[in-house]
Structure formats: C-alpha cells, structure tokens
Amino acid sequence: MTTQLIGQRVKRREDPSLITGQGQYVDDIKLPGMAAIAFLRSPHAHARIRGLETAPAVALPGVLGVFSGKDLSGIINPVPTGWHLPNMKAPPHPAIATDRVRYKGDIVAAVVAQDRYIAEDALNQIQVDYEPLPAVVSQEEAIKPGAPALHEEAADNVAFQWTIGGGDAARAFDEAEVVVRQRIVNQRLIPNAMEARGAIARWDNATGELTLWSATQVPHLVRLLLALTNNLEEHKVRVIAPDVGGGFGSKLYFYPEEAATAFIARRIGRPVKWTEGRQENYLATIHGRDHVQDVEIAAKRDGTITGLRTRVVANLGAYLSTFAAGIPSVLFGVVLSGPYRIPNVSCEVIGAFTNTTPVDAYRGAGRPEATYLLERMVDLLAAELKMDPAEVRRKNFIPADAFPYTSALGVTYDSGNYPAALDRALELANYEGLRRQQAAARAEGRLLGIGLSSWIEVSGAAPSQVLAAVGAGGAGWESSTVQVVATGKVTVLTGSSSHGQGHETAFAQIVADRLGIPMEDVDVVHGDTGVVRYGVGTFASRSAAVGGTALYNSLEKVREKARKIAAHLMEASEDDIVFEGGKLYPKGVPDKAKTFQEIALAAHFAADLPSGVEPVLDATTFYNPENFTWPFGTHCAVVEVDRETGNVRLLRYIGVDDCGNVINPLLVEGQVHGGIVQGLGQAWTEGAVYDPEGQLLSASMMDYAIPRADQFPTFELDRTVTPSPVNPLGVKGVGEAGTIASTPAFVNAVMDALAPMGIRHVDMPLTPERLWRAITASQ
Amino acid sequence: MADHSISLTINGVKRDSQVPARLLLVHYLRDVLGLTGTHVGCDTSQCGACAVLLNGSAVKACTVLAVQADGAQITTIEGLAQDGQLHPIQQGFWEEHGLQCGFCTPGMIIAAHQLLERNPSPSEEQIRHGLEGNLCRCTGYHNIVKAIQHAAGAMRRSP
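Same order as they appear, the protein sequences are chains H and L. Those letters in the first sequence? Residues 1 to 779, per the working numbering, in order. Those letters in the second sequence? Residues 1001 to 1159, per the working numbering, in order.
Since the hints were derived computationally from the structure, they do not count as laboratory data.
Restraint-style ranges between C-beta atoms, simulated for each label pair: (1) H:T98 x L:G1071: 48 to 56 angstroms; (2) L:S1005 x H:P134: 50 to 58 angstroms; (3) H:E234 x L:P1120: 55 to 63 angstroms; (4) H:Q8 x L:K1014: 41 to 49 angstroms; (5) H:Q8 x L:D1083: 24 to 32 angstroms; (6) H:I29 x L:S1005: 28 to 36 angstroms; (7) H:V689 x L:S1005: 40 to 48 angstroms; (8) L:H1004 x H:Q22: 25 to 33 angstroms; (9) L:P1120 x H:Q8: 26 to 34 angstroms; (10) H:D99 x L:T1009: 48 to 56 angstroms.
Straight line, CA to CA, 35 angstroms or less: simulated DSBU-like cross-link-like pairs of lysine-lysine: (11) L:K1146 x H:K11; (12) H:K236 x H:K89; (13) H:K30 x L:K1014; (14) H:K30 x H:K489; (15) H:K144 x H:K89; (16) H:K236 x H:K70.
Ideal Cβ placement from N, Cα and C applies to all residues, glycine included.
Could you build the full structure based on these sequences and the hints that come with them?
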C-alpha cells in the first residue's frame, strides 16, 4: 500500500461546506442578545474636532450607546505599531480620535444599537464640529518644508529614513559604461478581500474572559495586541478566526475597530458585532504599495549590471499600521538585487506620513515594489543597449552552482536555478517564434509586445532572531501539536491560520503521508487561540515552509515514539523498526507488523510501555527556521495595444515558478493563478485615487477596477523544482509569487509594444486613457 | 417603521414574514431566515457575492428589497444540492479547485447556473463574459472557468 500523499493533487476538504453555503464567516455568526456597532468616520482628511454632540443619536429608539474618543481615553491604549526601525517616530494612534482626525475614515465615534440599520441611522444624528485643516496626500509633498504636519512627534512628516547597501555604488556609477535612469511610481492599491473585515466581541462577566471573533490572518497577534490595548490578561482573551474570506495582507494587523468592539461589548454587557461595509473597507482597511522611486542602473556595454541605486519615498498614510515600517524598508530593500549578481547596491527609503489611509503589507509586501523596479530597469537597460531582454537577464543571473548565495545586501539565498526557469518559460512561450510574430506585426503597424519578468522572493517570514534584528516586533516561528487518540485518529493544532489557502487539506496530506493513515483520520484545527494556544499566523508565504515544517517535526516525534513502543512490544531494537505504510515491524519480519493504530492504542492504555516513555502519542513543536526560503521564476506576457484607443489585449500569459517541493499541486497552481491576476490588476487597472483634499475618489468597486474574468486568457504554467535546503519538506513559499511576477511582465510587454513609437515608460495602471495619452503625445 | 407582509418561496419552502420596507433581500435571507450562504461583498451590485435566483434569474440580493421579492420563487446556494447530492456546478467547483476563500463562491455558482441554463455549451470566452458581474479575488478566475466547463460537461451527459 502506497501512502505517498505529499505531492498529490488532493481535492480540498474545505470545499464541501463552502460550496453549499455552510461556511461560517464572522458576519454569519449570530449570538443571543447580540447588538450591532457602526462607526462614524471623519469626512475630512485632516481636521480638529471642536465639539461632538451625541445626544440626538442616543435618543433614537433602539440605540444602546454612543462612544467617542473621550470615553476610551485612559481605558483603551493607542493601537500600537509592531515594526520599529532605528530612530523611527511612532505617534500614537487612538482607536477613536479624540481631538483631531488625520485621514478620511478615521473613527470619530461608535454607535451600538439593536441592529445595524438603527446604528447607521444614528450615525447621521451625531453632530461633529470640525475645523478643517490643510491636508497633504502625496508623500513627496508631505516631506517638503512647510507641508501641513500630521503629528507633533514628526513635524517634518518623516517617520523614518532607512538605508541599505552593499559594495561601492558610487564608484560603480562613476566607472559605469552605461547608466539608465527612471523615476517609477508604484501606485497605491486597495487590497479588496471579497469578505470585508468584521468582528464580534463577547465579554463574560463571570470569568472575566473576552472572546473576539475576527476576520483575521493572525488570531494570536490580535490576542496579544488586544490584551495590551484593552488592558486585558492575555490568557483570558480568546480570538477566533472562523472562515475568513481572503486577506492578501489586509487582515494581518490589529485594527482600531477590534479594540473598540471589545471595549463596547464589555461596557454594555452584551455581545456586539461590527461588519465592515465595502466603502468602509476602502477607507479604513490598509492600502498597499505607494512608492515613488528614483532609480539608476549601471552596466557595462556587454549588458553586465554593475550597480543599482535608488531613493524611495514611501507613503505610510496617517498612522503606522502594525507592520507598516518594515514593508517599504526591510522587505523591499533586501531583495533589490533580485535574481542577479549585482555587486554594488545603494538604497535610501524615506517613510512619510500623509492624510491618507494607513499603508501596510499587501500581497507581496515590498517585494513587488522591488521586483517591479528591478525588472523595469533591466528592460530599460536592454533597450538602451539594444540587447534582447532575455539575454540581459541570463547574463546577470546568479549561476545555479553559486547557492547558497550571499548577495551584496547581506542576505543568503537558499537555493535556485534561475536559467532553468527562464529557459522553460521561453520554451513554453516559443519566444523566438513570438519575436518573429512581433516583427511581422510591426511591419503591419500593429503594436505587439512581449514582456519578461524574472523574480525572486524572500518568503516565509522566518528566523525570529533576524526579524528582531531588523525591527519586527513579531516572531518568525510556528507551532504545531499532533494529538493521537486511542483509535489512532489524529488532530493537528496549527498556528498557521488559513484564510482560503487550503491548510486543512495540505496539512492533512502531510500527516497521512508521514503516519501512513487515511486522510479522513486527520483533523486540522486552526484559527482559535482557545484551542491552539500558540501561533504566529499566515502571511509572507510562510505556512508551508514554517507551519508545514513545524507539523513535519511533530510527526517525526510521533514516529519516533511509535517506533520506540513498537520495538518494546516486539522485543526488537528500535533501530531495526521499519515504519512504512502505516505499519511498524522489525526489519525483515513484516509478518510481525502492528498498525499505527495498534501502537496508538498501546500508547493510550499504557499497560506495557518501555521504561521512561509517557503514555499517549502526542507531540508539540515550535519551529524557528534558520533562514527564509527563496522561490523564483520567470513569467512572460504577450499583449497587443490598440493604437487608436490605448486598449490592451492580453493574448498569452506564461509562467514558470519554482517553489521547491510541492505538497499539493492543485493548491500551488491556485495560488499562482490568483497571484498573477492580482499583479495584473496593479499593472493594468487598479489604483487608489485621492483628490488634493484627501478625499478617496476610488472608494467603491464601481470606481476601483478589480480585474474581471473576461480580461484574461487561460494561463500557460509550469514549474521547475529546486528544493529548499532550509526545511526537511524542501518547500518554499508560493502565495505571493504570481503577484510579484506578473506586474512587471505585463508592463514590460506593453512598453515593448509601444517601443516603436519611442515610448519608454508609462506609470501604472496602464489604462486605455494613460496609454492613449502616451501614444498621442508620441505622435 | 411599519412592517409589511411578504410571502415567498425560498428553496421550495413557503415563507411568510413581516418585514420593514427598507430591509434588503440579502439581509432578509441572512438575518431573518439564517440563510447565510448568500454573502454581502460590496453593497453596490458590483461583486455578485449576493447573487440568488429570483424567479429563475440571477439577481444581486443586496440591491433588491425584501418587499420587492414578495411572491417570488427564490433559490439560494443552500437550495442547489438535492437529496444530499451536490449540484453539478458545485461538484465542478470542488473538482477543479474553483474556490479558495469561498466568499464569492455562492454567487459564482448562482451566476454559473444562469449561464449554463441559457447556454449549455458555452465557449471559454462566453463563460468569462458571463462572469463579468462577479468578482473573485483569490482564483484569478482560471479554475472557475474550468469548474464551469466541468459542470457543463456533466450536465450535458446527464441533463
């Protein structure tokens, strides 16, 4: 009997409930006596609150209470930020504003009422006397002298200045044969998980316990920060992430609404629910990206890249969200040299406060900003040198025999074979054929473009020591507990909290594979701190590499104990016990085999255990990796641009990714598909738009263009497999891969299409209007 | 606020309720009847997570008042599986990994239901066009298209 389940296309066990409407997201939960919260949000991007009159709202039938910042002050601590860079300014962020609002969407008051309809009616009855203040939206304007200051603690609106570098960039540029420069805007994005946020809080007066159901990727982080802000004892806070409808980073933080909801539940003595509306989600859930980058690349005439230099101004929004500072600095800076051997790199990042929604990690988080920058510059260099972009890439790749490879930026890539992924992508694309097709199309005056992007990622937010050293106030390990009951059925407790990835399936595969038991005998529990007491969570493409390895290591402990017990029962040496296919037997004597279930029963009854061995097969692991994992790949987009309208058609999309060994190809492919479309959304249609006064104009799905099904062809995908040496599964992260890869592939393709018109660069999103303007200007 | 009497058939069961005039159909389904499989994604009829079949047509229940549905036949995601057997579209989504977080899925399945009723053998392009009113942020639509193709094949084989 073969039990090899790791690597199989197993259908998801999560699906039967989700396809029949039996999923349970936060808003689906109804507790007895539950009331509803609605938040009053500032209509101004920047204003002083001179007065607040709540009496008319309180008087409305069905209203149970109205709370302003004053009600919370002294009781609820400001919402903290969790990533501290050297000399960083971190002004306080009150959950509900007291005297000043700093972005449109800042919370001014909370109403709690019998139901949500009444709560929203009551919002209209609250009278706020605002004194509008000058607002600043652009990060570059914000750091100019005389710009309106958001915080007393940072009069220049600068939260941090951060640098990273290696080699001697100044010298590389002095000696360069070719230098190419470009200013690149990596626009602000709005994550738009299909389920907006939501929270339910229940206070138990008898036990002093608070339970918070929250649409979150990180229930354990929420438990800690809720305890800190609301002055609760952490062991008496239980956070439950039920089914969560996508996150993409946007549910990776502790938010003011969670603190306020918990406060109100306790204050009114009833469970309360807050369900974020979509417009609220646009205003109050974090945004992503938002860099302005000035970039220079230095090279020799033969295409060898000798240096990269950039100065970035990153928009952080009005307050520092949980991981805000780390995204445009560390997670951006360390991958700036990408898959290439670039000996000299210099990077300076300024993080600026503006009167906009806070910015934090959005799928890829810093790495798409770095990859887009680099891959655009490689293409611009290729154009300058009149070289094929594939050849420039190949020429500069870190060679396959150079791993583990320590880059000029001081990070060590675990494993890789970049030329192999490029070659496979070119082969799938029929690259030479495409170039011939392009030449023919150009001869007819058609604008056909081919774009490549070779990407790497530092994934699996991992060694705790490294994260601490770079300022992250969060651990990089993950927990797992494997519990085997008397009948040999298994329950896994994992700190990796799924929000759509399919952890329950993938982790059950690992268990069934390693123990040789049916998958149906395995339950996977996550997302409830009352049951899974320790955990870090799901972000940064870390669940397989970190959570999966934590599980693998617990299973090794279970296997070892089972062998020990089997050896004792069979009067054999432990070293001679074979454990395969769910059976244990002395080497060469399969007739004596006992099943894993029999050993589990023996461990449970404990009638005859080896001396010093405790009853029950049960193991816990806290796995703290030695390194991140470094997935990579090459993607290729083929587009045609309509010169009359600026409309782009995506004709083909090819991707070859390498995330090491694969636990379940179905899940990996799904991650890549979704990632590609999110990255294409940035390249093509998406972008947050503020007016100069700080009003968010793109604040609904009508105004913010999320990709739709009819924009895309069927993707042509493949994988190469270069296992990671960092973990015993040999896996690397894949959750963000597609997003990192696809944005530059698409833009490079469109710029390639427009090259005959002398167009060099257009900033994203490449909407018909922008392209039409560029085409028109070029004629 | 004065309540109104409505009477409608939901997943084959007749329901009589008193509802306020302003109550949205989606909130009636979710909060009054407890049929929480129909989701609210955007509040503005863009995303389609709230789609239900109303007299056979896929409509966005976030933009219909419960009183407007008086007398209607409504099928929600909870009503598609019959006698414990998944509907072929549900089966297609499962087989082809057509969902990740699952939040858009009920609406996608309802949209696919209408699509396949109108055109039992749609091309890939027709499927993609037919999903224009539904947003998914997880799957990139790739496997949703495959799921619907899978369902179309199964439904043609056993109509």
